Structure formats: C-alpha cells, structure tokens
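Residue numbers (my numbering), protein chains in the order written: chain L, 1 to 476; chain F, 1 to 476.
By construction, these hints were calculated from the structure, which means they are not laboratory data. Careful: at least some of the hints might be erroneous.
The list treats identical chains as interchangeable, and a pair is accepted whether it falls inside one copy or across any two copies.
What the hints assert, rightly or not - No farther apart than 20 Å at their CA atoms in a straight line, the calculated lysine to any residue pairs in the SDA-like style are these:
id, residue 1, residue 2
1, K358, R313
2, K42, N432
3, K164, Y429
4, K221, A468
5, K42, V368
Predicted, not measured: the structure shown is a model, and the values here were computed from it.
Protein chains: 2
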Amino acid sequence: MSHRDSRHNHGKTDLPHFFEPQSIAVIGSFRQGFFGGYVVIKSLLNAGYTGQIYPINPAYKKIFSLKVYPSIREIPEKIDLAIIMIRAQAVPSVIEDCGDKDVRAVIVVSDGFAERNQEGSRLQDEIVNIARQRGIRIIGPNTAGIVNTSNGLNPCPYEAGYYKLRKGPIAICSQTGMINPQAFPYPYLHIGISKICDFGNKCDLNECDMLEYLERDPATKVISMHLESITDGRRLLQISRRVTSQKPVLILKSGKTQEGARASASHTGSIAMDDRLFEAICKQAGILRLEEFDELFEIPRMFASQPLPKGNRLGVISYTGAIAVLAADEGARYGLTGARLTPKTAGMLDDIFPELGKVPVDIGPMSVVVKDLPALYPQIVSAVISDENVDALLNVLWADPNGYVVPMYLEAYRELKTGYPKPVATWIYGPNTRTVADLAESLEGLGFPVFTDLKTSIKALGLAYTYAQIKEDKTP
Amino acid sequence: MSHRDSRHNHGKTDLPHFFEPQSIAVIGSFRQGFFGGYVVIKSLLNAGYTGQIYPINPAYKKIFSLKVYPSIREIPEKIDLAIIMIRAQAVPSVIEDCGDKDVRAVIVVSDGFAERNQEGSRLQDEIVNIARQRGIRIIGPNTAGIVNTSNGLNPCPYEAGYYKLRKGPIAICSQTGMINPQAFPYPYLHIGISKICDFGNKCDLNECDMLEYLERDPATKVISMHLESITDGRRLLQISRRVTSQKPVLILKSGKTQEGARASASHTGSIAMDDRLFEAICKQAGILRLEEFDELFEIPRMFASQPLPKGNRLGVISYTGAIAVLAADEGARYGLTGARLTPKTAGMLDDIFPELGKVPVDIGPMSVVVKDLPALYPQIVSAVISDENVDALLNVLWADPNGYVVPMYLEAYRELKTGYPKPVATWIYGPNTRTVADLAESLEGLGFPVFTDLKTSIKALGLAYTYAQIKEDKTP
Chain L
1 MSHRDSRHNH
11 GKTDLPHFFE
21 PQSIAVIGSF
31 RQGFFGGYVV
41 IKSLLNAGYT
51 GQIYPINPAY
61 KKIFSLKVYP
71 SIREIPEKID
81 LAIIMIRAQA
91 VPSVIEDCGD
101 KDVRAVIVVS
111 DGFAERNQEG
121 SRLQDEIVNI
131 ARQRGIRIIG
141 PNTAGIVNTS
151 NGLNPCPYEA
161 GYYKLRKGPI
171 AICSQTGMIN
181 PQAFPYPYLH
191 IGISKICDFG
201 NKCDLNECDM
211 LEYLERDPAT
221 KVISMHLESI
231 TDGRRLLQIS
241 RRVTSQKPVL
251 ILKSGKTQEG
261 ARASASHTGS
271 IAMDDRLFEA
281 ICKQAGILRL
291 EEFDELFEIP
301 RMFASQPLPK
311 GNRLGVISYT
321 GAIAVLAADE
331 GARYGLTGAR
341 LTPKTAGMLD
351 DIFPELGKVP
361 VDIGPMSVVV
371 KDLPALYPQI
381 VSAVISDENV
391 DALLNVLWAD
401 PNGYVVPMYL
411 EAYRELKTGY
421 PKPVATWIYG
431 PNTRTVADLA
441 ESLEGLGFPV
451 FTDLKTSIKA
461 LGLAYTYAQI
471 KEDKTP
Chain F
1 MSHRDSRHNH
11 GKTDLPHFFE
21 PQSIAVIGSF
31 RQGFFGGYVV
41 IKSLLNAGYT
51 GQIYPINPAY
61 KKIFSLKVYP
71 SIREIPEKID
81 LAIIMIRAQA
91 VPSVIEDCGD
101 KDVRAVIVVS
111 DGFAERNQEG
121 SRLQDEIVNI
131 ARQRGIRIIG
141 PNTAGIVNTS
151 NGLNPCPYEA
161 GYYKLRKGPI
171 AICSQTGMIN
181 PQAFPYPYLH
191 IGISKICDFG
201 NKCDLNECDM
211 LEYLERDPAT
221 KVISMHLESI
231 TDGRRLLQIS
241 RRVTSQKPVL
251 ILKSGKTQEG
261 ARASASHTGS
271 IAMDDRLFEA
281 ICKQAGILRL
291 EEFDELFEIP
301 RMFASQPLPK
311 GNRLGVISYT
321 GAIAVLAADE
331 GARYGLTGAR
341 LTPKTAGMLD
351 DIFPELGKVP
361 VDIGPMSVVV
371 KDLPALYPQI
381 VSAVISDENV
391 DALLNVLWAD
401 PNGYVVPMYL
411 EAYRELKTGY
421 PKPVATWIYG
431 PNTRTVADLA
441 ESLEGLGFPV
451 FTDLKTSIKA
461 LGLAYTYAQI
471 KEDKTP
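The whole structure should be built from the sequences, with the hints applied where relevant.
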C-alpha cells in the first residue's frame with residue numbers, strides 16, 4: 001500500500017510536519033514590506049521559533065543574518081515544512097522541487113488558484129496531483145497559514161505588529177485568514193491559543209485531518225472552527241463523534257443560505273453542504289454550532305478555563321432585573337432555567353437586604369443604600385455559587401467611572417478562584433470604557449472569562465451545558 | 001371633559017414638562033456620594049441645564065450654591081418637574097405635595113415598589129391614584145430617569161463620570177437604567193442622542209406616550225426601545241403605525257420566552273405579552289424588531305446618518321471572500337442580495353486587477369501585489385458606490401498595525417461624503433485595537449457609522465432596507 005492510500009493515516013503522520021517542524025524553507029520575496037517571505041522570517045524569529053530557517057530566493061544572499069539559498073534543492077539539511085509565497089504559475093514547479101527534497105508538508109500562501117478563475121482551478125488541480133504523486137500534504141493555497149504557540153511557530157506572512165501569542169488551550173481553524181495574527185488582536189484579548197490553521201482553498205488538508213491532529217494534541221482542550229464547505233461529511237461525522245467525547249468542537253458554518261452558498265462558491269471555489277445535512281451531522285457527532293464570526297473567539301474561552309455545569313440551573317447576580325429577563329430569553333435556547341436558591345441561601349441573602357434572596361440576585365437596590373457593600377458583595381457571590389441549587393453563574397458587574405468598586409470585585413473573584421467547581425461567565429458594563437477594560441483584564445488574569453456582550457456570556461454558559469449533556473451521553 | 005379623560009392628550013400635553021422643564025425640584029439626600037440628589041444636581045449643572053434648580057430637603061441649607069428648601073410647597077416659583085429619590089414609603093405624601101404645588105411631571109427614581117414585593121405594589125397603586133387625582137404624570141418608579149441633549153437636561157442620579165452627551169437624532173427608551181449615562185459609555189462611542197427615557201416600573205407614562213412625544217420631537221429622527229411589557233397593544237399599534245411612516249421605530253422585546261416572561265414578572269411586576277401577538281403588532285405597525293441588547297445602541301446609528309437604500313442589492317468591498325459569504329448569509333434574512341456590477345464598472349475594476357470586478361470586490365489579492373493601492377483604493381470605492389446596480393455598500397476595512405493604510409481610507413470616505421445617496425456600513429478589523437479604534441473614530445467623524453461586529457453591520461443595512469420598504473408601502 002502506498003502511503004497515500006489511506007487518508008486517515010495522513011492526519012496521523014503528516015500534521016506534525018506542519019506544526020512541529022525542525023526546519024522550514026521560506027520561498028518568496030524578501031523585499032521589506034508588510035507581506036511576504038521577509039515578514040514570515042521576521043515573525044518566526046520574533047515568535048521564538050528555534051528550528052532551522054532556510055530562506056529560498058535566487059536574487060538574495062542574506063536576510064536576517066540567514067543564508068539565502070537559490071533553490072530548496074541546494075539546502076544540505078532535511079526540510080520538514082516549506083512555505084511558498086510566489087506567483088501561482090510558478091508554484092507547481094516549486095512543489096516538484098519540494099518532492100525531490102522529500103519535503104512532506106507545504107503551505108501555499110500564494111493566491112490566484114481556484115478562488116480566482118478557471119486557469120487558477122487548473123493550477124490548483126496540478127499542484128494537488130503533484131503533491132499526491134510525491135507524498136506531500138498541502139495547506140492552502142490562498143492561506144494565511146498556521147500558528148503553534150508551543151514552539152514559537154508563527155510564520156505569519158503579513159505584518160501583525162506583534163509576534164508572540166498568549167499560550168492556551170484553544171485551537172482556531174478557518175477557511176479565511178481572518179483568524180490569523182494579522183487580522184485578530186490576540187495580545188489585546190484574553191484568549192490563550194494552542195494552534196491556528198487557515199485552510200485557505202482546502203485543496204488537500206482539511207478539517208478532518210486537523211480534527212484528528214488536534215484530538216491527540218495535548219496543548220489543545222477546545223476546538224473552534226469556521227467552515228464554508230465540508231470536504232467529506234461521512235468522515236467528519238466519524239471523526240468528530242470521537243473527538244467530541246474528549247474535547248468540545250465548535251463550528252461556525254457559513255454559506256448556510258442560498259445567497260451565502262453562492263458567495264462561497266466564488267470565494268474558495270467550494271460547494272456548500274446543505275445546511276440541514278450539516279445540522280444532522282452536528283447533532284449526531286455532538287458538534288456545537290456557532291452563529292457569528294466573533295463567537296469563534298469568544299465562546300471557546302468558556303471551555304478553556306471553566307468547568308462544565310452539572311445541570312441547567314443558572315444563578316444570576318446583577319444590578320438590574322432587566323439583565324435576568326434578557327438572560328432568561330437567551331438561556332432558554334439552551335435549556336437553561338433560572339435557579340431557585342435554597343431556603344438557607346435565600347434567608348441569608350434576605351437578611352442582608354430585603355428580597356435579595358431570589359434569582360436574579362439584584363444588588364442594584366442595596367448598592368445605593370448600604371454602606372458596607374464592599375464587605376457584603378464577596379459574601380453574596382460565595383453564597384450564590386455554593387448554593388446546591390445553582391449549577392452555573394452569570395455575574396454582571398457594573399464598573400463605576402472611577403473604579404472604586406474594583407477591589408470589591410477582585411476580592412469576590414479571588415474567593416471564587418479558591419475552588420467552586422461551577423462555571424462563571426462575567427459581563428461588565430459601565431460609563432467608562434477604560435475602567436471596564438481594566439477590570440476585565442484583572443478578572444481574566446484570575447482565570448475567569450469576561451465576555452464582550454451579554455448575549456455571548458449566556459450563550460457560552462448555554463453551550464457549556466449542552467456539551468456537558470453530550471459528554472454525559474457518551475460516557476458508557 | 002377633565003384633562004385626564006383622554007390618555008392621548010396627555011402624551012401631547014404633559015411630556016414637555018418632563019423633557020423641557022423651566023424649573024426642576026430635586027427631592028432627596030444631598031450627601032456626597034455616587035447616587036442621589038447630590039449627583040442629580042451635579043449632573044444638571046455640568047450638563048449645562050440653564051433652568052431653575054430647587055433642591056428640597058429639610059436637613060440642608062445650601063448645596064452647589066443653591067438654596068435648599070425644606071418642602072416643595074415653600075418654593076415661590078412654578079415647578080415643571082419634580083425628581084424624587086426618597087424611601088418608597090415617603091413618596092406618596094411628597095406626590096401629594098407636588099399636587100398642591102401644581103407640578104404636572106414627576107420622576108420617581110426611588111425603588112421598592114411593585115418590583116420589590118406586595119407592600120411595594122400597594123405603594124405603587126397609591127402613587128398612581130394620587131397622580132390621577134391630581135393630574136400628575138409619573139415616570140417610574142424604579143427609574144434612572146431621562147436625558148434631553150437639546151437643553152442640557154441630564155438629571156442622572158448616579159455618578160457617570162461625564163455629564164454631556166453627544167447631541168444627535170437617536171432617542172433611546174427602556175424599562176431598565178442600562179441605557180442611562182451611568183451604565184453606557186456614550187462619550188466613548190459615536191452615538192448622537194436626542195432623548196433618553198428609562199420607564200422603570202412604567203406605572204403611568206409608557207412607550208405609547210413617549211412615541212407620541214418623539215413623533216413630534218424635531219431633534220429625534222430614529223427611536224430605539226427596549227420593552228419588557230406592552231401596556232396597551234391596541235394603542236401601540238395605532239400610534240406606531242403613524243410614527244413609523246415618519247421615523248423608524250426599533251424595538252427589542254425581552255421576556256419573549258416563558259423563562260423570560262417569568263423573570264420579567266419579578267423584575268418590573270409586569271406581565272409580558274405573548275410574543276406572537278407582539279410580532280403581529282410589529283408587522284402591522286412597521287416596527288423593526290431588535291434581538292440583542294447591544295443593538296439598541298448600534299442599529300439606530302445607521303438610520304441617524306445614512307440614507308435609506310432604494311433596493312436590496314448589496315455591494316461588498318473586503319479583503320477576503322469569506323466576509324462576503326458571512327454577509328450573504330446574514331443579509332438573506334432581510335432580503336438583501338449580492339449586487340452584480342454593471343459591465344462598465346466590472347470592466348474598469350478588472351483593468352485595475354484581474355477578477356476584481358465582481359462582488360465582493362476582493363482587494364485582498366491586489367493589496368499584497370500592487371504598489372499604488374493608496375491611489376487606487378478611493379477609485380475602487382467610488383466606482384462601486386456609484387454603480388447603478390448597487391443600492392447599499394458594506395465596506396470592510398483591514399487596519400494594519402501601524403496605521404499606514406489610514407490616509408487611504410480617509411481619502412475614500414471623504415470622497416464618499418461628497419454625496420452618494422446610498423447607505424454605507426463599515427466594519428474594521430486588524431491586529432491592533434488602538435489603530436482600529438482610531439480609524440473608526442475618524443470615519444465616524446466624517447459621518448459614517450462603524451459597527452462593532454460584522455453581523456451588526458449587515459443587520460443595520462438589512463433593517464434599513466426593510467424600513468425603506470415599509471415607508472414605500474405607506475406612501476400614498
């Protein structure tokens with residue numbers, strides 16, 4: 001059996017060449033600018049990649065103190081990964097060179113393939129054929145590439161202004177470079193990344209290969225994907241059914257509508273799957289569906305740091321009952337229901353302030369009357385989270401313009417951190433965006449996800465509950 | 001006919017006492033802090049209110065150089081509006097005093113009424129009865145009050161850290177103080193406000209009264225409302241049918257689900273309307289429905305500055321086709337369809353770069369190749385917006401980390417500003433949140449709404465198209 005016969009084996013054997021290469025050939029222009037081989041090498045060096053880097057270009061001698069080779073064939077050492085950024089027409093022959101050099105993994109950043117026109121489609125078929133013959137796997141073409149935070153592998157081909165991403169358990173994959181460092185402000189947001197992969201036109205390596213790799217990746221605890229097309233529904237079902245028993249898989253599927261499918265066909269040249277079929281796959285496989293692009297980044301943060309809820313009873317602490325109504329509407333979509341506090345907790349809270357002991361725990365009225373709110377607030381939060389009738393907590397914080405309330409919140413969250421095995425979603429609002437952002441930063445630093453809007457906070461808890469049920473169903 | 005016989009007349013006659021008072025009595029504590037009468041007066045003075053302010057409290061002599069009166073009865077002048085922030089039990093007798101003083105408008109900030117418990121419900125009934133007998137209208141109780149940017153009327157009872165709001169055509173109303181200055185960072189976001197009103201428990205003045213007032217308010221061009229309950233469906237239908245023929249009315253209705261309705265009952269003591277009935281009212285009246293709390297602030301910005309589209313053909317300019325797919329999915333919900341450029345425009349764009357002349361106009365591929373993008377980009381934008389097959393434009397901008405691209409965008413938007421009678425929605429993304437925010441600020445300064453996420457950008461255009469159809473249907 002040739003090593004190309006079983007697609008399944010490729011996922012297992014080839015993906016490390018992409019994400020854990022000992023040596024990388026960078027094939028492109030080294031003109032200084034905001035795109036190209038120059039930026040790839042700058043990104044790799046600044047991100048702390050310690051493997052070998054081999055720039056390839058007959059017109060250069062040296063770049064970043066690295067010797068530039070005229071061709072990949074001239075490199076004396078073994079090459080694990082080649083990154084190609086040359087005009088589309090020249091890509092096939094360079095992939096032939098890669099084959100001669102026994103390179104097993106190639107990222108084709110270049111565009112002008114199936115997404116462009118018929119000539120591009122032909123070129124794409126050509127590189128796929130060469131790769132199949134030579135035992136090469138391809139990510140792309142038309143991709144912004146990949147990231148692995150475990151080894152400083154950030155060969156971003158666009159200037160992002162930063163190079164190191166926060167390490168963490170979230171893997172994000174997409175059919176667009178909108179998830180790559182040049183597009184998304186990772187360092188500004190508390191999102192810990194394990195791997196990033198833009199499949200681009202997805203001519204070879206696809207979501208199933210990646211799921212198989214991430215299934216066994218110890219750095220990855222949650223997988224968030226944007227897909228326009230599904231390469232192989234049967235395989236996706238088979239693999240993700242297995243992966244979701246260990247790690248949550250979140251998928252945003254675009255091209256749901258006819259209009260969207262039409263737009264998708266002209267984007268990556270791919271044909272969208274009927275949405276009802278995809279929905280059926282998700283149901284059977286235990287995939288969690290996302291609905292908005294921002295959720296790709298927001299929702300996995302819940303799974304990255306918080307335990308799964310053991311039930312659907314949502315505790316809410318806020319400064320207004322209106323929040324609880326909005327939360328109840330959104331939560332109902334996921335089967336969440338407002339918790340009813342035990343008589344013990346309710347009585348303790350009612351003793352603090354009349355009618356405090358119900359959900360939502362509305363601290364608005366007391367906040368303008370009592371003088372010792374800073375001492376009482378952490379007690380209130382602890383009482384609610386430890387109530388046996390509460391499975392998860394939505395905590396809504398108002399940040400005053402001067403940040404006087406910040407220490408009170410920090411104390412409550414330090415207490416939360418000491419260990420209540422229940423998920424907490426936090427949303428902060430207030431009249432000063434700076435105070436709100438600083439408080440969010442502090443709470444994230446303590447390990448609690450702060451979401452950008454109310455709806456997403458609740459959806460994150462709702463999907464955590466959905467996933468808890470999926471896992472339970474799968475446990476023999 | 002007593003002046004209380006017709007509710008409709010009250011909207012017409014009483015609302016100016018609230019929003020255009022010549023004199024205000026502030027009844028509450030003047031202890032320095034972040035809540036209460038002290039803050040109300042500070043807010044009014046700093047916001048530039050030039051009418052008379054009369055603090056009322058027997059325990060004080062002077063506050064902010066203003067004479068403090070022991071009772072409203074002692075004030076020698078006429079009082080248009082009284083703002084009450086005392087404990088609930090004392091409110092009825094103060095409203096009696098207001099009646100004696102011929103005050104027609106009272107805002108009851110105090111809580112502890114129907115939202116608290118049975119005793120509170122009784123108290124609320126009591127103040128309603130007194131008000132009815134005395135010809136007084138009430139906003140609240142349990143409200144954060146109102147704002148009128150035309151006359152510096154910002155009696156915010158909570159310290160917001162700022163006092164002046166940007167003037168503009170958007171009126172925002174709600175059954176929660178989450179829309180008031182202490183909760184929302186108005187000065188940080190480009191949102192021009194005419195009026196704000198938190199109905200609170202809505203014991204008297206309600207959404208219909210406000211709609212009638214805003215219908216005739218020349219400062220208001222678009223009305224955005226959050227409602228938990230509908231006081232009078234028939235009247236809402238009747239009034240909003242009329243208002244929507246002149247101004248768009250956007251409503252976020254919470255308490256849609258059973259869970260939400262239950263939570264609502266305990267929030268403001270109000271009973272939620274069956275959502276199908278509300279949906280029918282919206283359809284008949286031409287009300288645009290919102291779905292998320294953030295949309296209350298985001299969506300009206302489209303109507304505040306942009307013309308209505310004359311058709312459903314959406315032009316899209318972006319750096320990736322993936323955007324267009326997501327846009328097509330969301331746009332399809334509102335009947336938007338991808339524009340097909342005229343052969344003339346398509347040819348002109350194809351001459352600039354191969355395959356550029358289709359929607360989405362994907363400038364991604366050319367942006368990494370051509371050297372004169374800054375000169376070409378404004379031409380591309382002008383060509384698309386002026387194409388007769390394009391009714392509206394979604395423009396997605398990538399901001400590089402250093403802001404090198406900013407001048408190019410500014411030039412294009414200055415050109416747009418010279419007058420294309422088509423709406424433009426802008427979304428900006430990039431690796432540096434500061435650069436993105438600065439560019440957004442500049443474009444907002446030129447009069448173009450920049451939305452916080454992709455979905456909202458498209459929804460804003462979709463609702464603009466929906467409203468254009470509503471208006472067309474209403475034009476005889």
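(message) When the structure is checked against the list of hints, which entries are broken? Sort them ascending.
(response) Nothing - there is no hint that the structure violates, so all of them hold.
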